[in-house]
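Asker: Chains as they are written, first to last, in our numbering: chain D, 1 to 449; chain G, 1001 to 1475.
Please keep in mind that the hints were generated in silico from the structure rather than gathered at the bench. These numbers were taken from a predicted model, which means no experiment stands behind them. Ideal Cβ placement from N, Cα and C applies to all residues, glycine included. It is possible that some hints are incorrect.
[As the list claims (entries may be wrong)] Pair by pair, the computed Cβ-Cβ distance ranges are:
1) G/K1189 <-> D/C363: 53 to 59 Å
2) G/P1030 <-> D/D269: 41 to 47 Å
3) G/D1076 <-> D/F337: 31 to 37 Å
4) G/G1034 <-> D/N39: 42 to 48 Å
5) D/R348 <-> G/D1076: 57 to 63 Å
6) D/N307 <-> G/L1360: 55 to 61 Å
7) G/G1034 <-> D/N226: 42 to 48 Å
[Stated by the list, open to error] Straight-line alpha carbon distances no greater than 30 Å define the calculated BS3-like cross-link-like pairs of lysine-lysine that follow:
8) G/K1073 <-> G/K1118
9) G/K1443 <-> G/K1432
10) G/K1316 <-> G/K1118
11) D/K70 <-> D/K9
12) G/K1083 <-> D/K70
13) G/K1133 <-> D/K70
14) D/K86 <-> D/K383
15) G/K1133 <-> D/K61
16) G/K1457 <-> G/K1432
17) G/K1118 <-> D/K355
18) G/K1457 <-> G/K1216
19) G/K1380 <-> G/K1316
Here are the chains, one letter per residue:
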Amino acid sequence: MNGKNDTYKFDAAAALKAAREDENNIFLSLCCDEAVVENAADHGGPLCGAPVAVKDNIAVKGCKMTCGSKMLESFVPCEDAFVVEKMRRAGMVIIGKTNLDEFAMGSSGLLSAFGAVKNPHSPDRYAGGSSSGSAAAVASGIVPVALGSDTGGSVRVPAAYCGVAAYKPTWGAVSRRGMVAHASSLDTVGIIGADAKLCAQLMAVISGRDEGDDTSFDLDIPVSGNGRDLAGLCVGVWTEQMDAALPEARAAVETVCSALRLSGASVIDISCPAYDLAAQAYIALSASEAASCLGRFDGLRYGADANDGEGVEQLRGRLFGPEVRARLVLGSALLGFEEYAPIIDGARRRRTQIKAEMERLFCDVDLVIGPTVIGCAPRIGEKRSARRERLADAFAAVANLAGIPALTLPCGSSEVMPLAVQIMGAHGADELVLSAGIGIEKAIRGING
Amino acid sequence: MNNAADMTVMIGLEIHIELKTDSKLFCTCPSCFGAPANSLSCPVCAGHPGTLPRLNRAAVLQGLRLGLALGGKADDTLIFDRKSYFYPDLPKAYQITQRRRPIIRGGELAVSTAEGFKTVRIREAHIEEDAGKLQHDRGSGVSLVDLNRSGVPLLEVVTEPDLACGEEAAQFARRLRDLAVWLGVSDGKMQEGSLRADVNLSLCRDGVPGERTEIKNLGSFRDIVRAADAEAERQRAIYAAGGRVERCTLRWDGQMQTVTVMREKEGEGGYRYSPEPDIPPVALAGCIVDDILCGFGELPHDKELRYISMGVAPEKAELACRDRAQAELCDAVIALGAPAVQTINWVLGEVAAVMRRRGLEGAAPVPPRTLARLIELTEKGAITRATAKELLDELFDGGDADELIAQRGLVRVDDGAAVHAAVDAVICEGGKAVDDYLAGKDKAFAAIMGAVMRRLKGRADPQLVTRMLREALDK
Chain D
1 MNGKNDTYKF DAAAALKAAR EDENNIFLSL CCDEAVVENA ADHGGPLCGA PVAVKDNIAV
61 KGCKMTCGSK MLESFVPCED AFVVEKMRRA GMVIIGKTNL DEFAMGSSGL LSAFGAVKNP
121 HSPDRYAGGS SSGSAAAVAS GIVPVALGSD TGGSVRVPAA YCGVAAYKPT WGAVSRRGMV
181 AHASSLDTVG IIGADAKLCA QLMAVISGRD EGDDTSFDLD IPVSGNGRDL AGLCVGVWTE
241 QMDAALPEAR AAVETVCSAL RLSGASVIDI SCPAYDLAAQ AYIALSASEA ASCLGRFDGL
301 RYGADANDGE GVEQLRGRLF GPEVRARLVL GSALLGFEEY APIIDGARRR RTQIKAEMER
361 LFCDVDLVIG PTVIGCAPRI GEKRSARRER LADAFAAVAN LAGIPALTLP CGSSEVMPLA
421 VQIMGAHGAD ELVLSAGIGI EKAIRGING
Chain G
1001 MNNAADMTVM IGLEIHIELK TDSKLFCTCP SCFGAPANSL SCPVCAGHPG TLPRLNRAAV
1061 LQGLRLGLAL GGKADDTLIF DRKSYFYPDL PKAYQITQRR RPIIRGGELA VSTAEGFKTV
1121 RIREAHIEED AGKLQHDRGS GVSLVDLNRS GVPLLEVVTE PDLACGEEAA QFARRLRDLA
1181 VWLGVSDGKM QEGSLRADVN LSLCRDGVPG ERTEIKNLGS FRDIVRAADA EAERQRAIYA
1241 AGGRVERCTL RWDGQMQTVT VMREKEGEGG YRYSPEPDIP PVALAGCIVD DILCGFGELP
1301 HDKELRYISM GVAPEKAELA CRDRAQAELC DAVIALGAPA VQTINWVLGE VAAVMRRRGL
1361 EGAAPVPPRT LARLIELTEK GAITRATAKE LLDELFDGGD ADELIAQRGL VRVDDGAAVH
1421 AAVDAVICEG GKAVDDYLAG KDKAFAAIMG AVMRRLKGRA DPQLVTRMLR EALDK
């Protein structure tokens, strides 16, 4: 059926067909068939009838949820995630579960136990991760919106590499119930959309207090997803990120700055020194939280394929991929040995510092912009320096460490691969970030003709 | 060879008390005992992927009640942590507990010793979720997991090592249990696992404690005594032979009456503690604490001390303060002017007996006014104790003591003539008992006495009857 959105024409039947025919290894399973598509009720909201893809670490009742891992190869959840319930009530059609880096750990799109996701722009480039399938699903036009998860950039990085928009909400603004935890204090449900307006509309659908998630709360997000006038906004450009980025990524940010100035916003340089060790703090904290979050996967439950005589140790060794194993070992060691306590304590202190610095920044500016990633999607197999990797993580991880909202928008391209710009706002300023993002999108289109 | 006989015992307890609530600590599953295996679990307490805990505030209040009643100080914020380890009865592979900020710090509970009351200090008390239960099938070597208990709310009370022997440790556990039941915080059913204790024990020489060991999961007071004493002896034997006690965790085998080593005790890191992000910090308003403190009334130990000061024997004072309904009856009767010693004797004795006979629990249905009057009349000598006992049973169903006494003429017979007449009548009737007594069997006296008392419908003063009967028989 077709939706009633005044800007978009939704065609769930076409989405289902395209999903079946996809060759980029995007979908791990399909959640609906023609009957579901035909019988989708008309609820009248802007996303009614919209087909949506859901990352395979968010529960859809009755549909396999593998988390991209052999550990959950045949696990079927018995309840919908809260966000999935909300999407159903809004009349959206859930097409299928998308591929991801295993247990949401990774930023390449190459780390799924069920094969890599191909970047729709170019198969020899990273699709990005961990929400690789969701980003590719939107980028290849199968669905206009998709859900992912974002712990350290996992919707923003693949969206940037695939040339689509993505949004990481304020921590707590969207219920995590039904999303498999990677690192509970860093995890958010993330949104990927063909543009910022669709992201805003989906955020209005899925956000809000859930009695089943004590950390969730209500935010005022208008359902319509209108842009705002950029005049009068004060935007800070993050100098440390600009310095670390490649020239093409910097150029994309400059484009946005021009658009902002033309629209009557003021643009200034800002500095956030704490950013320097954000990557290290992120690695220590996400690994240690992952160690506790993934402890329940013993290989004996949840549909894992255990052989006779295999104990928990062997099962976890066999059913987890190398990236997951590495992080779990690191996390367990950091928590388990007294001599590493200063590392964890230092990471927690660093996080508190980052939160405080971001809060201070937002007293001076309304929004902070910078590159989402260092450059365009790297070539698969390209040698990347460790330092570059860490810096790349830091661009995105700051928003998770501080719990603040962050939106990525495609802006220009380099070597025919898309570039992206990231917009961050203060804790709880989701409406501002989304509406400004919609405005910025319009302004960029205006510049590019 | 070291003489270990003069080493003293130091015991600290970690007691887990199941908090009485409708549902579990982090989900809405019912919290109760005895249901079919895995019938009281849900995706949350079974740790399914994607599930989140939701805090049960009623459980927090229950924990606060007990902690505050122990004289502890409440933290102003409720914060939880994860304690990670792998075990089949722990579905998430971590237990949600409190490590950094236990809800209660400090407090104390007195135990009675030969030298009087001794204060046992409480280090802290914290709220945490229980794990499931394993059923080991020795035959097949398979262990079955029952998650009914997974997520049940617990208060863990940790003491300083102030206890000096198994007996004291068991008494502490019992008093703690009784206090919890008094407050309505626990149902105190030991056989259902409502209270479980871990005993930490070391031997001390000249005030310097040796290595301590831990005996886990003792579920009865008797087990606490025996396990603690057995471990003290085990350690004593090691020291006596010049050896070293190794830090370890032990299991008490009730069948074999022995302690056996379970595992080398983990260092702190073995448990991999980390903050629990899924439960946001909860502010504990001062008024919540104040309301709880105001609602206590006189607590059992204070009542116990008060009764002792009123002349009640310590063992009876302790007994009277174990059951709240009983103690409140005692208070009410004493408040009406009845003497404390007799009141407590009556409540612990006759009233309890009637309750047992009638299969009743909780508050005795006899009004305090009625009991006070019965005691008064008995003490005055207006009725005999036997009469009073009979009346008590009837008065459970209502009625007025004085009325009944008047209606049935139950006033004590002090009339020597009436007694004399009854005595003569019984002796004249003769019978085996009389013949036996006259033949020299003194034991037969009781039967003759019984016959006289029956003639007098139990209303005569037994001492008077005895005296007159003996005189008559000996003639």
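Asker: Does each hint hold? Answer for all of them.
Answerer: For each hint, the structure was consulted:
For G/K1189 and D/C363, the hinted distance range of 53 to 59 Å is satisfied, since their beta carbons lie about 58 Å from each other. The hinted window of 41 to 47 Å between G/P1030 and D/D269 is violated, with their beta carbons roughly 60 Å apart. Evaluation of the 31 to 37 Å hint for G/D1076 and D/F337 yields a pass: the beta carbon distance comes to about 32 Å. Range check, G/G1034 to D/N39: about 45 Å between beta-carbon atoms, so the 42 to 48 Å window is met.
A hinted range of 57 to 63 Å for the beta carbons of D/R348 and G/D1076 is inconsistent with their spacing of about 21 Å. Taken as a hint, the range 55 to 61 Å holds for the pair D/N307 and G/L1360, whose Cβ atoms sit roughly 60 Å apart. A C-beta distance of roughly 59 Å is found between G/G1034 and D/N226, which places it outside the suggested range of 42 to 48 Å. A hinted pair counts as satisfied when its Cα atoms are at most 30 Å apart, and G/K1073 with G/K1118 qualifies at roughly 21 Å.
Distance restraint check for G/K1443 and G/K1432: the Cα-Cα separation of roughly 12 Å lies within the 30 Å cut-off, and the hinted pair is therefore satisfied. With a C-alpha separation of about 18 Å, the suggested pair G/K1316 and G/K1118 falls inside the 30 Å cut-off, and the hint holds. A threshold of 30 Å between alpha carbons decides the hint, and for D/K70 with D/K9 the separation of about 37 Å lies outside it, so the pair is violated. A C-alpha spacing of about 26 Å is found between G/K1083 and D/K70, which places the hinted pair at or below 30 Å, so the restraint holds.
Distance hint between G/K1133 and D/K70 is fulfilled; the C-alpha atoms sit about 29 Å from each other, no more than 30 Å. Between D/K86 and D/K383 the alpha-carbon distance is near 43 Å, which puts this suggested pair outside the 30 Å criterion. Between G/K1133 and D/K61, the direct Cα distance comes to roughly 29 Å. Compliance with the 30 Å bound is thereby established for this hinted pair. Taking the CA atoms of G/K1457 and G/K1432, the gap is near 22 Å; set against the 30 Å cutoff, the hint holds.
A C-alpha spacing of about 50 Å is found between G/K1118 and D/K355, which places the hinted pair above 30 Å, so the restraint is violated. Distance hint between G/K1457 and G/K1216 is unfulfilled; the C-alpha atoms sit about 59 Å from each other, more than 30 Å. Proposed proximity of G/K1380 and G/K1316 is supported: the alpha carbons are some 23 Å apart, at most 30 Å.
Going through the hint list in order, the structure does not satisfy hints 2, 5, 7, 11, 14, 17 and 18.
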